[in-house]
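> So the sequence lines, in the order shown, correspond to chains A and B.
Here the working numbering = 1-based position in the first sequence + 80.
Here the working numbering = 1-based position in the second sequence + 6.
Honestly, the hints are just simulated from the structure, not real lab data.
Only a predicted model underlies this, so the values are computations on that prediction, with no experimental measurement involved.
Built from N, CA and C at the ideal position, the CB exists for glycine as well.
Wrong hints could be hidden among the right ones.
Claimed, not checked - Calculated Cβ distances over 12 Å to all of chain B for the following chain A residues: (1) Met-81; (2) Thr-95; (3) Lys-102; (4) His-124.
Stated by the list, open to error - A partial selection of chain B residues facing chain A, derived with a Cβ cut-off under 7 Å: (5) His-111; (6) Phe-162; (7) Arg-165; (8) Val-180; (9) Phe-181; (10) Pro-186; (11) Pro-187; (12) Leu-189; (13) Ile-242; (14) Lys-243; (15) Pro-248.
Claimed, not checked - Derived coverage of chain A by chain B (criterion: at least 3 residues anywhere in the stretch with Cβ under 8 Å from a Cβ of chain B; other residues may be distant): (16) 105–116; (17) 134–141.
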Amino acid sequence: MQVKINGKPEEVQGTTVSAILKAKNIDPHMVAVELNDQMVDRAHLDHAMVKDGDRLEFLFYMGGGR
Amino acid sequence: MQFTDEQITRYSRHILLPEVGGKGQKKIAQAKILIVGAGGLGSPAAYYLAAAGVGTLGLIDGDVVDLSNLQRQVIHHTADVGRPKVVSAKEKIAAINPDVAVVTHEERLTAANALKIIGQYDLVIDGVDNFPAKFLINDACFFAEKPLVHGGILRFDGRVTTIIPKKSACYRCVFKTPPPPGLVASCQEAGVIGVLAGIIGTIQATEALKLVLGIGQPLTNRLLDFDARKTALREIKVRRNPNCPLCGESPTITELFEHEAEICAVRT
Ligand SMILES: [Zn+2]
Chain A
81 MQVKINGKPE EVQGTTVSAI LKAKNIDPHM VAVELNDQMV DRAHLDHAMV KDGDRLEFLF
141 YMGGGR
Chain B
7 MQFTDEQITR YSRHILLPEV GGKGQKKIAQ AKILIVGAGG LGSPAAYYLA AAGVGTLGLI
67 DGDVVDLSNL QRQVIHHTAD VGRPKVVSAK EKIAAINPDV AVVTHEERLT AANALKIIGQ
127 YDLVIDGVDN FPAKFLINDA CFFAEKPLVH GGILRFDGRV TTIIPKKSAC YRCVFKTPPP
187 PGLVASCQEA GVIGVLAGII GTIQATEALK LVLGIGQPLT NRLLDFDARK TALREIKVRR
247 NPNCPLCGES PTITELFEHE AEICAVRT
């Protein structure tokens, strides 16, 4: 199925946020996840179902300033 | 307060703007802005806010200038290496605009001093380089009910967002807690393209001035991400999170605390 990840359409395998993160080799601790503009709690990534056409944002921490 | 002829000339390009005018320039002259961190983001923010005529600029930083800072922390000059950052920055601000009262806090922002210091200002600019401090600033601005202009830079990426406590999404609405220590590069070992500090810091200064003037649309409920490789900006909509541990419906954070300090190691 196709979903939009960080604004770009992508063909993904898997039906949960967890599975998509895993397929993309992203450690869930490194991102905040938004699914269709709604924050997904890190504890619920396994249960967050993703459908065709959904929009995902993987927000990486950006720390520096000095 | 009345402007002198010299001040009217100095601020004429502001006063000419219908959105600013003499009235707006007076608001700027009465504003008290705290810049946390006199470094990469704090340097350009301090320069432009000083030039704009902000009445009081507070600077908090406990560090001294290091040679490796000069690639991006443009308020510090080569001769300042080894000197306290707040002292170095205060001198440059005074040289740009003697109208600005600079208050220096030569210390680190802590859970113990944050509310007392932030309480003296109208709004806060986050220019710190580590996550425990970014979360502390977010929490302190929430408890003190002060608007916060958040910024971060890393490698070729930068991010800005404006937070109006209890009205718009806070940092914890999006990022509940800091990343586990060592997992995300954030400290001095990570590289950053120097000009990013200028780009992000000046956007933060723009946001601060807009808030002071009460004009335009603040960068609330939006993360503005800048990618210097592509020279592309992307806006990510966020919203207040009912499960936010700080500003949500059943908060678990009811007083200031500090997250564990990071281990400065970059995992790649
Ligand atoms: Zn919040």
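> Each hint should be assessed against the structure and marked as holding or not.
Hint by hint, here is what the structure shows:
no.: 1; hint: Met-81; in the structure: holds (22 Å)
no.: 2; hint: Thr-95; in the structure: holds (23 Å)
no.: 3; hint: Lys-102; in the structure: holds (16 Å)
no.: 4; hint: His-124; in the structure: violated (10 Å)
no.: 5; hint: His-111; in the structure: violated (16 Å)
no.: 6; hint: Phe-162; in the structure: violated (11 Å)
no.: 7; hint: Arg-165; in the structure: holds (5 Å)
no.: 8; hint: Val-180; in the structure: holds (5 Å)
no.: 9; hint: Phe-181; in the structure: holds (5 Å)
no.: 10; hint: Pro-186; in the structure: holds (5 Å)
no.: 11; hint: Pro-187; in the structure: violated (11 Å)
no.: 12; hint: Leu-189; in the structure: holds (6 Å)
no.: 13; hint: Ile-242; in the structure: holds (6 Å)
no.: 14; hint: Lys-243; in the structure: holds (6 Å)
no.: 15; hint: Pro-248; in the structure: violated (9 Å)
no.: 16; hint: 105–116; in the structure: holds (count 5)
no.: 17; hint: 134–141; in the structure: holds (count 4)
Checked against the numbered hints given earlier, this structure breaks hints 4, 5, 6, 11 and 15; the rest are met.
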